[in-house]
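Heads up: the sequence shown begins at 1 in the UniProt record's numbering, then just goes up one per residue.
In short, the hints are calculated from the structure, not lab data. Worth double-checking, as some hints may not be accurate.
[To be verified] Calculated cross-link-like contacts (lysine-lysine; reagent style DSBU-like; alpha-carbon spacing at most 35 Å): (1) K20 / K364; (2) K60 / K20; (3) K79 / K60; (4) K113 / K364; (5) K392 / K302; (6) K392 / K364; (7) K302 / K20; (8) K79 / K302; (9) K113 / K392.
[To be verified] Simulated DEER-style distance windows between Cβ atoms: (10) E111 / A157: 21 to 31 Å; (11) K392 / A157: 41 to 51 Å; (12) K20 / G360: 14 to 24 Å; (13) Y269 / V55: 25 to 35 Å; (14) A72 / E301: 47 to 57 Å; (15) R112 / R197: 34 to 44 Å; (16) R262 / E342: 47 to 57 Å; (17) S52 / R112: 50 to 60 Å; (18) E196 / T117: 20 to 30 Å; (19) T80 / S214: 14 to 24 Å; (20) K392 / T150: 49 to 59 Å; (21) R197 / A375: 28 to 38 Å; (22) D356 / R112: 52 to 62 Å.
From the three backbone atoms N, C-alpha and C, an ideal C-beta is built for every residue, glycine too.
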Amino acid sequence: MTSPQRFSNLPDYAFPRLRKLLSDVAPGPDPIVMTIGEPRHGIPDFVAPILSRTVGELGKYPPNEGTPELLAAISGWLKTRHAIEVPPEGITGLNGTREGLFNAALALCPERKNGTTPRILVPNPFYQVYAVAAAAVGAEPVFVNATGTTGHLPDFAALDPATLDAAAICYLCSPANPQGAVAGRDYLERLVELAERHDFLIFADECYSEIWRSAPPPGALAVAMGMGLGHRVVMFNSLSKRSNLPGLRSGFVAGAVEHIARLRTLRSYSGAPVPLPHQRVSEVAWADEDHVMANRALYQEKYAIADRVFGNVPGYVPPEGGFFLWLPVEDGEAAARRLWAEAGVQVLPGAYLSRDTDAGNPGKGYVRVALVGPAGETEDALTRIRDTLYGKG
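Start from the sequences, fold in the hints, and give me the full structure.
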């Protein structure tokens, strides 16, 4: 049974911490909030008509794993996007990826591995549900710093063999939140080989996979299947970022049938199925790429704005994917207070997304900036950030 004490060492979530940090700071003129990764582009045109047409289906219990049509649409997207064949039995619908990333640990992490407490490898900084999932299953989290030296991706292979042998799960987000780094095919192949050698699963969080600068990021499941090691990867994706539908709470998990069967069993007891009207929207969303390309073009325009504004700032690294900037500063908290007071721009201290380690906190010298607003507002805010922290360009 999960003990409440397992969660006693979890720090406050990032946004309550931010509110406390800025509670005594009066914002500068015309405030702009760039902290939350909530897409603000328009939702696809087909959403409202489908919801209207299917609202009567709220009177039915939805299928837990997803409608046959939804599973077929996701399977079709995986074939088109990643050139892999995943049967419906290897897919399950989710209430967004956060639910899946948490429940997959409950379903797939063993109580013991090699006679010891299992370890869960977590990139640092990271999406906070990874650490909560480790706490829920009583695993030991191992925070692996992702810094400029490592290309802002975790170097799991640098861990000692005993730690890797005790690892049950390795979380990876690509494109990375918050740095925007993309795990290339070579990186993924090395990680899959490491997972096979030390017998652990890779939980591939790919919710930003359709927002990219110049080339689509490779998928971890596709790479693993190409190596004949598809059973090593469980992948997660959603419509939140891809389709600007975070409130739909619709995503999926895909992987080996035996892994998905265990997830389906857990969800049949504890999961909350996606409402049928939302599943009907999802069926169409996964089958349509026009709205995704239009959405991506808006982010690519904002990449260009960021490059223009920060191109001469030492340490600025253009993101390859996702919709965050990871801007170097001397101290993230001090920078956030200064920007809110002087520039009226709210950003998130990087240390709120990472943990202290023996090598330090890799987020301390950064702030995260969300590029979710309109292009004009984004350029105004980024210019204010540059002029306040780095000097006028």
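So, going through the hints one by one against the coordinates:
| no. | hint | in the structure |
| --- | --- | --- |
| 1 | K20 / K364 | holds (17 Å) |
| 2 | K60 / K20 | violated (43 Å) |
| 3 | K79 / K60 | holds (31 Å) |
| 4 | K113 / K364 | holds (33 Å) |
| 5 | K392 / K302 | holds (19 Å) |
| 6 | K392 / K364 | holds (24 Å) |
| 7 | K302 / K20 | holds (30 Å) |
| 8 | K79 / K302 | holds (29 Å) |
| 9 | K113 / K392 | violated (55 Å) |
| 10 | E111 / A157: 21 to 31 Å | holds (26 Å) |
| 11 | K392 / A157: 41 to 51 Å | holds (43 Å) |
| 12 | K20 / G360: 14 to 24 Å | holds (23 Å) |
| 13 | Y269 / V55: 25 to 35 Å | holds (28 Å) |
| 14 | A72 / E301: 47 to 57 Å | violated (34 Å) |
| 15 | R112 / R197: 34 to 44 Å | violated (20 Å) |
| 16 | R262 / E342: 47 to 57 Å | holds (52 Å) |
| 17 | S52 / R112: 50 to 60 Å | holds (51 Å) |
| 18 | E196 / T117: 20 to 30 Å | holds (22 Å) |
| 19 | T80 / S214: 14 to 24 Å | holds (20 Å) |
| 20 | K392 / T150: 49 to 59 Å | violated (32 Å) |
| 21 | R197 / A375: 28 to 38 Å | violated (46 Å) |
| 22 | D356 / R112: 52 to 62 Å | violated (28 Å) |
Taken one by one, the earlier hints fail for this structure at numbers 2, 9, 14, 15, 20, 21, 22, listed in ascending order.
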